[in-house]
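Going down the list, the protein sequences come from chains U and P. Mapping to our numbering: the first sequence position 274 is 274, numbers consecutive. Mapping to our numbering: the second sequence position 240 is 240, numbers consecutive.
Please keep in mind that the hints were generated in silico from the structure rather than gathered at the bench. Take these hints with a grain of salt, some might be off.
Below are the DSS-like pairs computed for lysine-lysine, each with C-alpha atoms no more than 27 angstroms apart in a straight line [what the hints assert, rightly or not]:
#: 1; chain 1: P; residue 1: 367; chain 2: P; residue 2: 324
#: 2; chain 1: U; residue 1: 267; chain 2: U; residue 2: 324
#: 3; chain 1: U; residue 1: 437; chain 2: P; residue 2: 68
#: 4; chain 1: P; residue 1: 437; chain 2: U; residue 2: 68
#: 5; chain 1: P; residue 1: 68; chain 2: P; residue 2: 22
Non-contacting residues of chain P with respect to chain U, defined by C-beta distances greater than 10 angstroms in every case (computed) [claimed, not checked]:
#: 6; residue: 12
#: 7; residue: 84
#: 8; residue: 107
#: 9; residue: 267
#: 10; residue: 318
#: 11; residue: 327
#: 12; residue: 457
Everything numeric in this text was worked out from a predicted model, so none of it was measured. C-beta atoms are modelled at their ideal positions from N, C-alpha and C, and glycine is treated no differently.
Residues per chain, in single letters:
Protein chains: 2
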Amino acid sequence: MVQAAALQRNESGIETAVGVLKQRFGDRLQTGAAIREQHGHTTTWIENQSPDAVVFPHSTEEVANIVKVCAAHKVPVIPFGTGTSLEGHVNAPAGGISVDLSQMDKILAVNVGDLDCVVQPGVTRADLNTHLRDQGLFFPIDPGANASLGGMAATRASGTNAVRYGTMKDNVLSLEAVMPDGQVIRTGHRARKSSAGYDLTRLLIGAEGTLGIITEITLRLHGIPEAISSARCSFPTVDAACQAVMMTIQYGIPVARIELLDQMSVKAANAYSGLDLPETPLLLLEFHGSDSGAAEQAETFGQIAEEFGGSDFTTTSTTEERNKLWQARHDMYWASLQLRPGAQGISTDVCVPISRLAECVTAAQDKAAELGLLAPIVGHVGDGNFHTLLLIDMDNPAEVAGAEDFVGWLNDMAISMEGTCTGEHGIGQGKRPYLVKELGAATAYMAAIKSALDPDNIMNPGKIL
Amino acid sequence: MVQAAALQRNESGIETAVGVLKQRFGDRLQTGAAIREQHGHTTTWIENQSPDAVVFPHSTEEVANIVKVCAAHKVPVIPFGTGTSLEGHVNAPAGGISVDLSQMDKILAVNVGDLDCVVQPGVTRADLNTHLRDQGLFFPIDPGANASLGGMAATRASGTNAVRYGTMKDNVLSLEAVMPDGQVIRTGHRARKSSAGYDLTRLLIGAEGTLGIITEITLRLHGIPEAISSARCSFPTVDAACQAVMMTIQYGIPVARIELLDQMSVKAANAYSGLDLPETPLLLLEFHGSDSGAAEQAETFGQIAEEFGGSDFTTTSTTEERNKLWQARHDMYWASLQLRPGAQGISTDVCVPISRLAECVTAAQDKAAELGLLAPIVGHVGDGNFHTLLLIDMDNPAEVAGAEDFVGWLNDMAISMEGTCTGEHGIGQGKRPYLVKELGAATAYMAAIKSALDPDNIMNPGKIL
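The shape of chain U in the complex, shown without the other chains:
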């Protein structure tokens, strides 16, 4: 594991707060080593920094209560959803209280006529979609993991559908949140747009719990399209695949998903998911629309693909075949780990203007090869976002150093291409130095906002800034 800086602990404050909360929450406050460790754990190479206690609130009022106790004793509060974040977001570098929101999992309202719903933060995206299915609605954001919607909002998550439906920032209408002083606010209501004051909704989305705890989320929903079809197409090179993506976006084809798997990823998918895809770069697509609309999109894409040397273009609209293909895409993390059993997977997350994508992906492949790293690539290429999964033996210091070099080099390269070091994973602990490189002077104003709203730095300290 890579070390994360520890912050000064407020021992006496923590002891008092844990005592007070234990009295109030009884068995819903846990201090066992295993549960604490589990709440510091994330799918990351950063060392675990466990909280001192984990508390399971059932209501906004209880969250406010917890935050007020922690505020009174200047004790860190770390919101926890499902623990699927990747940059140490739920670590507790100064100790404190992990607030596990998984038991706040009620769908409070579904307004079919308005295409919106109101949920508690612990509802997962899969649970919500299961609940919505009978009503002909769905929530499109799909980061892969079955994350909680509160966590997805907090990290400004996106994933495979973002090319058409946007990210969490585009699909949250408003929030209820407990602020660092324990006050409960609403950032808006259910209007589909508003120009009423500062956009606190978007400020909290992506703030990674450092400005408050999200306790209720009003989400935009979409009608399940009449037709959903999938396609796949193989390309001779990553460059050819990226050219096809760029042309698809320029043509305005409203693709619902357009995903790249590089050659190494295709090999991994074939082995893990029992497929027999040609082992060259692959695009996986999904089209949403009316029957004829989805068919037309697929046809137009087919023509574009042909222009760039695409081959083996296959479409399918049966649910079973479609699910098999997308299951393989979702399983890419596990499939890739099988390329090197026992290795730790370290995911990068750069996002660049699409015109620079081919160059950036190709350079990443070359750099990994040069460093001797096994590093399959998948990407949400309609947005210019891709993930290199470095497969690292963490007991080999030279490899770990190589991985650190690679991550830094790739982040710097994306920034130099007018891109970002994080398209969707967030800053957490791991990317803090790159945030400064990317946004420079702007980070001072982020820090000013943080100090103004959370003067004692109790909300998820050590993250982002």
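Model the placement of chain P on the given structure of chain U, informed by the hints.
This is chain P only, laid out in the frame that chain U set:
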């Protein structure tokens, strides 16, 4: 005119700052009464509060220079685009310097492959679209007025296309801004999505110049669709028209525009634009897509409209007829004023969940009738946003009082329906009491952010908060 509260003036600071800036900017700083008055003027019923001087910078560096001088002497800075805002946004209640950005009107880059561009804040939306046309691209946000893109970002503008393309918050990738201390920041780069830190882009969008001056905007562009067609359909009642809108949105028909004109607005349009529309509530629509896609959308809408008693459903894809229809829509403000020559038009801007829209519009019609006010209504009904244009004799105190009653009553009603007092016009001076009603405790955190970034309250004081 309705009076706006004046704020304490810093006379000596203003005198010094004007003197220093006059030396630096020469003829590009103006202090004549006419130009000062023009820069306090907005299309509003709020009295004019002129700035002490108007300065015309040509570069970000010059804007930073102006702000630094004003910061040193604690003098208000009021950014000015085209002066088409509606809630006293450019008034100078404490005097100070109006920064007119109209000469910062360069299109700095168009990246066709990435569907984005970089513009200075003084570029208007019409100028940008003229520039883009040859490249097959367009920028969709259309608030009606030919506003500057800087002003549109500052007020989180939207308009007729928002139902499909979103608002300014959805179409700005990143900003460059001069902050209250004169520092220049970038809030992001050209990646289509990012999870890098607090979303300062969205914080500045809609901040109405109270947190900084936007000096460069990176915008998302869209390909001009293969086919653009329009339709109109008359309905027996506002309720029937709204039901058709709701069903259209639920069906997921990706309408590019769906606008309501109530009976009184249709009469005004007939008279002003020489049309002969049936004088009942009307929906105007626009469809974007492939040839067959746009046709299919129109056909599906036609079926929905029929279900709700729609009649006289007419589609057109010739540019000339289409332009005539939309020109009439754009001219509604002037057409409505002709219903009562000499009257002042006062526009409301509520936005409610679509399921409440018919009820809200009908109640607004009834209330206006009850108060004896002439008040045609138009609406961006796909978003639940509509504007009542009160036609008021400002020399008649009883009428002005009635208008104030109406505005307050309507804002309260929208808020009670989980909506907002402003879908797109912003808070400015006029809606400050309603912001507090709408968002309550949240406004305290807006104030904390404002104080943190602008401790001397020099950036557009007296607006929003």
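Practice prompt. Of all the hints given earlier, name the ones this structure violates by number, lowest first.
Written response: Hint 1 alone not satisfied by this model.
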